[in-house]
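Asks: Residue numbers (the working numbering), protein chains in the order written: chain Z, 321 to 542; chain G, 24 to 274.
It is worth saying that the hints were derived from the structure and are not from the lab.
Small disclaimer: the values here were computed from a predicted structure and weren't measured.
You may find that some hints are simply not true.
Under 8 Å between C-beta atoms, here's a sample of chain Z residues computed to sit facing chain G [stated by the list, open to error]:
| # | residue |
| --- | --- |
| 1 | R340 |
| 2 | I341 |
| 3 | G399 |
| 4 | S409 |
Where a beta carbon is used, it is the ideal one built from N, C-alpha and C, also for glycine.
So the chains spell out like this:
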Amino acid sequence: MRQVFWCVLRRDLMLASRRRIDALLPLAFFLVALSLFPLGVGPEPKTLREIAPGIVWVCALLASMLSVGSLFAGDLADGSLEQMLLAPSPAIAVAAAKSAAHWLLTGLPLIVATPLAGLAFNMSTPAVLALLFGLLLGTPILSLLGALGAALTLGLRSGGMLLILIVLPLATPALIFGAGAVVMVEAGMSASGHFSLLGALLIVTVMGAPLATAAALRISTE
Amino acid sequence: MPLPEALADPLHTGPALTVLHTQALAGERGERRLFESLDMDLPAGSVTWLRGRNGRGKTTLLRLLAGLSSPADGEITIQGRSLRQAGPVGRKQWLYIGHQNALKDDLSATEALGFLARLHGLPDDASSLKQALQRLGVLQRQHAPVRTLSQGQRRRVALARLALSGAAPLWLLDEPFDALDSDGIDALNQVIGEHAAAGGCVLLTSHQALSLRDPAPRLLDLEGFAPGVSPGIAPSISPTSTATPAPGARP
Chain Z
321 MRQVFWCVLR
331 RDLMLASRRR
341 IDALLPLAFF
351 LVALSLFPLG
361 VGPEPKTLRE
371 IAPGIVWVCA
381 LLASMLSVGS
391 LFAGDLADGS
401 LEQMLLAPSP
411 AIAVAAAKSA
421 AHWLLTGLPL
431 IVATPLAGLA
441 FNMSTPAVLA
451 LLFGLLLGTP
461 ILSLLGALGA
471 ALTLGLRSGG
481 MLLILIVLPL
491 ATPALIFGAG
501 AVVMVEAGMS
511 ASGHFSLLGA
521 LLIVTVMGAP
531 LATAAALRIS
541 TE
Chain G
24 MPLPEALADP
34 LHTGPALTVL
44 HTQALAGERG
54 ERRLFESLDM
64 DLPAGSVTWL
74 RGRNGRGKTT
84 LLRLLAGLSS
94 PADGEITIQG
104 RSLRQAGPVG
114 RKQWLYIGHQ
124 NALKDDLSAT
134 EALGFLARLH
144 GLPDDASSLK
154 QALQRLGVLQ
164 RQHAPVRTLS
174 QGQRRRVALA
184 RLALSGAAPL
194 WLLDEPFDAL
204 DSDGIDALNQ
214 VIGEHAAAGG
224 CVLLTSHQAL
234 SLRDPAPRLL
244 DLEGFAPGVS
254 PGIAPSISPT
264 STATPAPGAR
274 P
């Protein structure tokens, strides 16, 4: 099982390194979407600082969802997915590896780029740190749920839109606690309660989502 | 290698020699039933040519046997174990190569083959991969990206997995000869022949007559198992001495 996990993860990272432009698109989307808000809302520093955590979280969520749509589509089209499901290991290893690859290729770059957003929105250092820690706990949830949505909508014609409609409601708790933690820190209070809840959400998602994704993959390849 | 006497009757081989056994197997695609009451025994050391018109359910049958979908009815037993109870490790008993080659455009031929080998727990060291590509005659393209390979070369890279796999006794091949030139067909025939000689078992589909001579392929015609055809009348599985369809195989 471990062998299949590493094998699939390594291959996905290798494929991404062969197509660097494609791999950078979610990050580019994240930065462009973020930069739209000061233009739309107006350059008032106080307003921007107040809405920044929510904006960063929403943009991270959308960037994750847009890139997750193609997570299994290519492998389904060329028969790789079939072969992965025939490997002598439970399908959950494939589901977990694909989710991990998505997080490494999308979630992690978004976290790295977030201090830049903090700078642009004039956030204080503790607030940026809270935002980063929240994203560190929250973006894996987005990748896991996104992989589940991608597996459920695999092979459907309007899968991309349906995927977003399925996953967004599931991802709202992460959004609420992640953005809430920054608001708490800005107000000078402890955000540990929010982080605990985010951590709990992450644990539940890690336990449940790959299992469901594996089942959905089996159904979509049937 | 001529078939041993005991294997001549495909419906009654001893249990020890049977690699694949199905009982009253029925397959559906969507809502439509494609075949039913399919009983067969594929013995060790045999190559079976699965025939049938387009849409008759050849691919559906192979996917059922590979465990990619579940049968509408009936039982599948591979090496004496029910497919339902085989579990993930049981999948090492067979190898399925479908219509699609499962190669990634951005990887080189060696990397793409190496990934499939690692995935299935086959030897994946450089010399094994090289040898496998050599067997199928694509060694000179080993570092070329799959994107730049022709259809026939891609097929050869995908089939090179067969040359790596000594472990899986049962090979399920969907149109393996597709896109291959005569050299490729010869190379594949040889790999299949060696597998059968080593006690393996091969079930394959092909829309053109097989040129395989050693061992002589047996014929399984799915037409005889279409819904509404009484299985007692249609002798649809028969050993053939030549690659041409056996007379009387069709009802």
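Asks: Could you run down the list of hints and mark each one as holding or not?
Replies: Going through the hints against the structure:
Hint status for Z/R340 relative to chain G: violated, with the closest Cβ pair at about 11 Å, above 8 Å. Against a cut-off of 8 Å between C-beta atoms, the interface hint on Z/I341 is violated, since the closest Cβ of chain G lies about 12 Å away. Contact between Z/G399 and chain G, as hinted, is supported at the beta carbon level, the nearest pair being about 3 Å apart and thus within 8 Å. For Z/S409, the interface hint holds, since its Cβ comes within 8 Å of a Cβ in chain G; the closest pair sits about 5 Å apart.
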